[in-house]
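Q: Could you build all of it, start to finish, from the sequences and the hints given here?
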Amino acid sequence: MMSIIIFPLNYWLIPSRFNLLFNKFIFILFNEFSMSIKKKNINNLMIFLSLMFFIMFMNFFSLFPYIFSSTSHLLFNLSLSLSLWLSFFIYLIYNFPINFLKHLVPLNSPKPLMNFMVIIELISLIIRPWTLSIRLSSNLISGHLILILLSNFMMNWISIIPISMMIQNMLLILEISMSMIQAYVFSILLSLYFNESN
Amino acid sequence: MLSRLSFRHIPSQLKAIAACGIQTSAVKSSSEPRPKRPVEAPRVRFGFIPDEWFQLFHPKTGVTGPYVFLTTFGTYLVSKEWYVLEDEYYTGLCLLSIFLFATYKVGPKLGAYLDKEIDAVENNLNSSREEEIADCKAIIQNLEKEKWSSEAQLMIYDIKKQNVLMQLEANYRENLAIAYTEVKKLLDYHSQIDGINRRISQKHMVQWITNSVLKAITPEQEKTNLLQCIKDLETLSAKA
Chain A
186 MMSIIIFPLN YWLIPSRFNL LFNKFIFILF NEFSMSIKKK NINNLMIFLS LMFFIMFMNF
246 FSLFPYIFSS TSHLLFNLSL SLSLWLSFFI YLIYNFPINF LKHLVPLNSP KPLMNFMVII
306 ELISLIIRPW TLSIRLSSNL ISGHLILILL SNFMMNWISI IPISMMIQNM LLILEISMSM
366 IQAYVFSILL SLYFNESN
Chain B
2 MLSRLSFRHI PSQLKAIAAC GIQTSAVKSS SEPRPKRPVE APRVRFGFIP DEWFQLFHPK
62 TGVTGPYVFL TTFGTYLVSK EWYVLEDEYY TGLCLLSIFL FATYKVGPKL GAYLDKEIDA
122 VENNLNSSRE EEIADCKAII QNLEKEKWSS EAQLMIYDIK KQNVLMQLEA NYRENLAIAY
182 TEVKKLLDYH SQIDGINRRI SQKHMVQWIT NSVLKAITPE QEKTNLLQCI KDLETLSAKA
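Taken in order, these protein sequences are the chains called A and B.
Residues 186 to 383 (our numbering) are what the first sequence spells out, left to right.
Residues 2 to 241 (our numbering) are what the second sequence spells out, left to right.
Do not take every clue at face value.
Said to hold, decoys possible - Going by beta-carbon spacing under 7 Å, a handful of chain A positions derived as facing chain B: (1) Arg202; (2) His329; (3) Leu332; (4) Met350; (5) Asn383.
Calculated directly from the structure, the hints in this document are not laboratory data.
Where a beta carbon is used, it is the ideal one built from N, C-alpha and C, also for glycine.
A: Here it is as structure tokens:
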């Protein structure tokens, strides 16, 4: 609900402050993402950009009090990463099966190791969405856990609240930056997987 | 059911139109004032609370009213444990302090930078509009100049007409002179022919007369004439 309020609306030709800030942010991200995607697939970039904004706002608003942090749950993250990754994977197998099979054996790998390499490569392929979602949720869980622990400490030790508040503030700044960085990592890695699939 | 309620306020004519689904009625401009975009952000207190919220208490309680209300209401909520101060409260407090710090420290600089950027966008849009206006003005000026120069064309046209008339006059005079000389030549020719004819006929007449006279002279006459001549000569010589 808050994210709906916060997203800027373009009613006027001349942008407002927030509009401009948002546009600049999107522009920077667009440039970042366009480097990781092939030029012919640049139209699909909006999926990753919107995914990043989605996750970023979810992360960010979960820091506010009394807001449920959905991105710290594997169910939520896995449904995002697995659906996208699986679609890329199916696309790859369906359209470029030879390429897919070729990439299972790295170049110049010794013959006795080949079987082993195929298994490793397959595992590394399949593990991708899991790593993505587990990375995000573990980061969020750990951050929130520390925040809650510290605020519990504050609750019990009100006499040293200025010091604990400073630590909590630093942690919160770290968490805010982490909420952005993790969203960026999630979507950029997905865009890289997308790039590999075609 | 709610749609029926909304239809209740619509005049019967419009109701008929709405029932038919025909949207031919012209859109009437509403009497509401057009929404205007506030250029400057409204005033806030504590970095984020709108100033209007404080105005609500102002007529009844004065300036301190809202603060007293917030404090007393807050203490009531806490003391009666309607609001429990658990971990989320402290995290929220820290988050609020961060946002207030950012608003007061980074906010003005960021706002100034963004205002500059917005001004740049506005100037960019305005400059294209002004360029268009300047272009139109230049076109109008050019057309006025063209009009003025076309007025001069009338004069030039008149001069050219006079020039053509003069050329025609000159040509006419030249033709006239040629005709004159030609006619004169012809007349001269005729007069010369006449003169020649007259001279020839005169000569011929003289010859004819001379011949006739010579033919008419008889030898006796000649003889008498000669004698007369000799006699005359003698008389003359005698006189000398």
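Q: A separate judgement is required for each hint: does it hold in the structure or not?
A: Status of the hints after comparison with the structure:
1. Arg202: Status holds, d = 4 Å.
2. His329: violated (9 Å)
3. Leu332: This hint holds: Leu332(A) lies near chain B, its Cβ roughly 5 Å from the closest one there, short of 7 Å.
4. Met350: Cβ of Met350(A) sits 6 Å from chain B, so the hint holds.
5. Asn383: violated (37 Å)
This entry does not satisfy hints 2, 5, going by the numbered hints stated previously.
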